[in-house]
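> Residue numbers (this note's numbering), protein chains in the order written: chain A, 1 to 413; chain B, 1001 to 1267; chain C, 2001 to 2296.
Possibly wrong hints are sitting among the right ones.
Said to hold, decoys possible - Here are a few chain A residues that face chain C, going by a calculated C-beta distance under 10 Å:
#	residue
1	A84
2	R86
3	N250
4	A259
5	G262
6	A388
7	T409
Said to hold, decoys possible - Using 16 Å as the maximum straight-line C-alpha spacing, the simulated EDC-like pairs for lysine to aspartate or glutamate come out as follows:
#	chain 1	residue 1	chain 2	residue 2
8	C	K2004	B	E1160
9	A	K405	A	D166
10	A	K405	C	D2062
11	B	K1220	A	D224
12	A	K405	A	D381
13	A	K286	A	D166
14	B	K1220	A	D70
15	A	K329	A	E313
Rather than coming from a laboratory, the hints here were simulated on the basis of the structure.
Using N, Cα and C, we set each Cβ at its ideal position, and we do this for glycine too.
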Amino acid sequence: MPSNALTRREVVAGAAGLSAAALLPARALANDTTVTISSPWGADRPFQQVVDAFNAKGTGVQVVNRLDGDYQEMATKALASIAAGRPPEMMITGWKFGYFASRTLGARDFNEIDAAKAEAIISQFKPQVHDLVNIDGKLIGLPWAMSTPVTWINMDLWREAGLDEDIPMDVSHEWLMEKAAAIEEALGGGSHPTYRSALDLSNNEWTSQAYIQNAGGYIIHGDDVVCDSPEAVAGMAAFAEPVQPGLWKNLDYRAQAQAQIGGAIAIVCTSSARSSSLLDAGYEFKDVMFPSLGGTRNMNSGGNFLAIYARDEELAQASMTFLEFCASKEGQEIWSKVGYLNTSVHDIAPLPLQDAGYAQLAEGLTAETIWPGERGLEGQDVWRQWVARVLEGEVPAEEGMIRAKAELTPLIG
Amino acid sequence: MVHAVLVLAAVLSVFPLFWMTTTAFTPNELVLRKTFRFWPDEPSLANFRTAFAGYPVAAWLWNSILIATLVTVGKLAIAVPAGFAFAHLRFRGREAAFWTIVATMTFPTIIGIVPLYVGISMVGWFDTRAGVIVPSIAYIGFYVFFMRQSFRTLPREMFEAARMDAAGPFRQLLQIAIPNVLPSIASLSVISFMGAWNIYLWALLVLDSPEKRTLAVGLKAFTSIDDHQPMWGPMMAVALLSALPVLLIFAFAQRFVMAAFTGRVGE
Amino acid sequence: MTRKFAFALAPWIFTGPALLFAVVFLYLPVVFSVGLSVTDWNFIRPEANFVGLENYRRIFADPNFRDALINTLIYCVVLIPAQILVPLGLAVLLIRVRQGTVANGYKIALFLPTILAYSTAGIAWLWLFDPLNGFFNTALGWVGLPPQRWHTDPDLALWCVTIVAFWKNFGLNMLLFLAALVSIPKPILEAAALDGARPFWRFLTIELPLISPTFFFVAVTTTMGVLDDIVGAIDVLTGGGPYGQSSNILHYMYQRGLQFFQFGQASAAAVLIILLILAVTWLQFRMFEHRVHYES
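With these hints in hand, go ahead and build the complete structure from the sequences.
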């Protein structure tokens, strides 16, 4: 079979050529110190531009951005590589895993690496955010990414449903329910060819926390799990309310993000940082504040910090060089395109679709739930599971919160 | 009637692959626009370009080839002599040794994953190809069993004659036994390569650096994209690429694959 | 080297590496799992304490473990019969098709899913299941049915995994049955046909007993496979979720161990899995031992 032989030879030759091409650029800069950042962003996201801009400076340090999934997946992966003695030099870590990063993953104290540089870096950020990265008396991160859950409205669907385009910035839970019902009435009933929903409050740990706090409760207060307080239960019940009448067709978080960006959900409550994805989604979106409950709001923030995990001093120093760039005005200007609210002292113009986020920031934000203890990763997982069970109607809000508390208490002690 | 059922079963069986192929050649914008076509009006390679530009797909391809080849070589180098010894040499503890190896066929693949991960980390093999390859060679229960069966089909006289010629066990294996069971070895090579090409959970755990990943592991990165336009087109392009080599091997070496799975070599 | 010496040493040179690999990479980890299951060691912290059966107590108290156990049972009850009977049926049909291109075409089409990686297969199905743009929801729309959430629905997730696992594995059993059926001597079948027995009866009384060794082999490997092979499908499609609704005990073990680094709990689960496998294997050998009809 000469033709087969030829095909196979071509395949092999082609593969060899391709792999050589892929390996070459990595080798060409062998003299520089290379640090890897484990991040939730692929090469086509604005974070890559920060990395590229830094690499172009020729500081002798080359940074490689590596997409490792969401915060939880990254933390899991980091755990396996850190235990194996090969940590990524740097990792984007969610605020919520601050204790976990410090106590389990062993995030480095910037002051211990280079006190002078550490001071220069942290002074580029507003004093209010310093606490978020001061964990166990160590400065473990660059507090550069802050977001807060807001309400996103798909204006194309909104108009299609014939609703009033004059939308107030400050909206309430009742308002949201009413509008969602009107949208479902106008657009529902199987007229849409594929999956769609009027409302989605995000099936995760974060927006449920916002509802609980707006109702006057907390998930964790001090060292105690208090998610079974009457206020917290009321918040959780309100959070799950749109599911029963079919206004919210619960999806997992990833599918929800894709559905929203694909123009299939009319109202979504999720991170203010989604602005950058929504700007180039091809639909018109409007941002308003997260729904208030009974006229009050006690909103949480969220986001991530950039932490150093390198055990090797040369690599740790090289990581600090990158952090210096990230903290500078030049770095912050590129970084802002990722969509987070500005936490630096630099004057950076807000981007479109950030009004609601800044409005909530002006009202004051609490921290998101920072899962205490060594087993914070599990703590979040357990909480998410109970949120999902309540949303699915598997347990009523009250029972779900009682059982969540029972499961969480030993994990965070 | 028979054909109706078989055609239906075949269509259901192939459909996910067909749909993967269609999507791979449809530009991603069209994929997301809900305009369904069973075959794109203008097939395009755009998804492949996107995938290769954004991810080290070529390196993944190379790693998959390298790992699958080395695992196969390792497995055969170990299983062939063992199978020969169990078939034609007499020694104390033969049955016990044979069943010790063959009983591992009942082990779930990842049952020892925690201690294995610790061990691999301790010898510094985390995030190395060796860390994937060496433990994967150990799953040889079926290979040893299969080789013993193959060597057993060779008549005993063949070796007795050789012994008259003063041939030692090593010459018997290399010059007489192996040349007579080449189809069996071919069968095992093919299924081993396909199996190793598809190693998933273990490689996902051990391979950390993007440029060290295999296609099967690299694919997983695409499902982890948050807050962004879904990349179904490029994802299907890489999935197709990861399936293509095993599909090609299967097409060329179908006879050996079938023989290996059904134990009917040389009939 | 004298020949006598060579013959004395050769068996161990030939079988030694195989034994070594099996012991080091398969048996030792199991032994270590038993040890780890009674400690609180987790690799991140250096100290280890003996904790008795605490890890076993913890996993039995974990609702996710109980769900995983129940799911394991459901997967077994559904998939074992399905992965034996459907391939057997297909093999019986295939053998009635005249050898040639068409028969080969069927065989290849039905065997293709078996040779794919779980990540490849899983991603192909994720795309079919995709709530927004996926083929299944679009097809449901064509016939006027409402879209589904598929693998993200707590009630459907397990069934999505089941379908993918079945799709991925039926081809191998089909080939095994086919090979066994082909090897039945023609005269036996012709004699039976002359007796005028109806085809289905003929199959039950003559063909099935003749392929009983294969049937036994398939039953054993399928039972093992249902526990093992499904983990890849779970990992890619659902990660065991939503809230553990599609996990099985092996995937639970993987999650405890390498997602949350609770090595003790993972090892306790591993020990329970080993015990379960030993019990099932023993039971199967007892059940089939007397019924299998060996040809020679």
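> Each hint should be assessed against the structure and marked as holding or not.
Now for the hints, and whether the structure bears them out:
Annotation: A/A84 was flagged as interfacial toward chain C, and the flag holds, the nearest CB pair being 9 Å apart, inside 10 Å. The beta carbon of A/R86 comes no nearer than 13 Å to any beta carbon in chain C, farther than 10 Å, and the hint placing it at the interface is violated. Proximity of A/N250 to chain C holds as hinted, the smallest CB-CB distance being about 8 Å (cut-off 10 Å). The criterion of a C-beta within 10 Å of any C-beta in chain C is met by A/A259, whose closest approach is roughly 5 Å, and the hint holds.
A least Cβ separation of about 5 Å between A/G262 and chain C falls short of the 10 Å threshold, and the interface hint therefore holds. With a least beta-carbon distance of about 5 Å to chain C, the hint placing A/A388 at the interface is held under the 10 Å criterion. At its closest, the beta carbon of A/T409 sits 13 Å from a beta carbon of chain C; the interface hint therefore is violated under the 10 Å criterion. The straight-line distance between the Cα atoms of C/K2004 and B/E1160 is roughly 15 Å, inside the 16 Å bound, and the hint therefore holds.
Under the criterion of a C-alpha separation no larger than 16 Å, the hint pairing A/K405 with A/D166 is inconsistent with the structure, at around 42 Å. Simply put, A/K405 and C/D2062 have alpha-carbon atoms about 14 Å apart, close enough for the 16 Å limit, and the pair holds. Restraint check: the Cα-Cα separation between B/K1220 and A/D224 comes to about 37 Å, which exceeds 16 Å; the hinted pair is violated. Restraint check for A/K405 and A/D381: the C-alpha separation of about 13 Å stays at or below 16 Å, so the hint holds.
With a C-alpha separation of about 11 Å, the suggested pairing of A/K286 with A/D166 holds against the 16 Å cut-off. Between the alpha carbons of B/K1220 and A/D70 the distance comes to roughly 12 Å, so the proposed pair stays at or under 16 Å and holds. Annotation: proposed proximity of A/K329 to A/E313 is violated, straight-line Cα distance about 27 Å (limit 16 Å).
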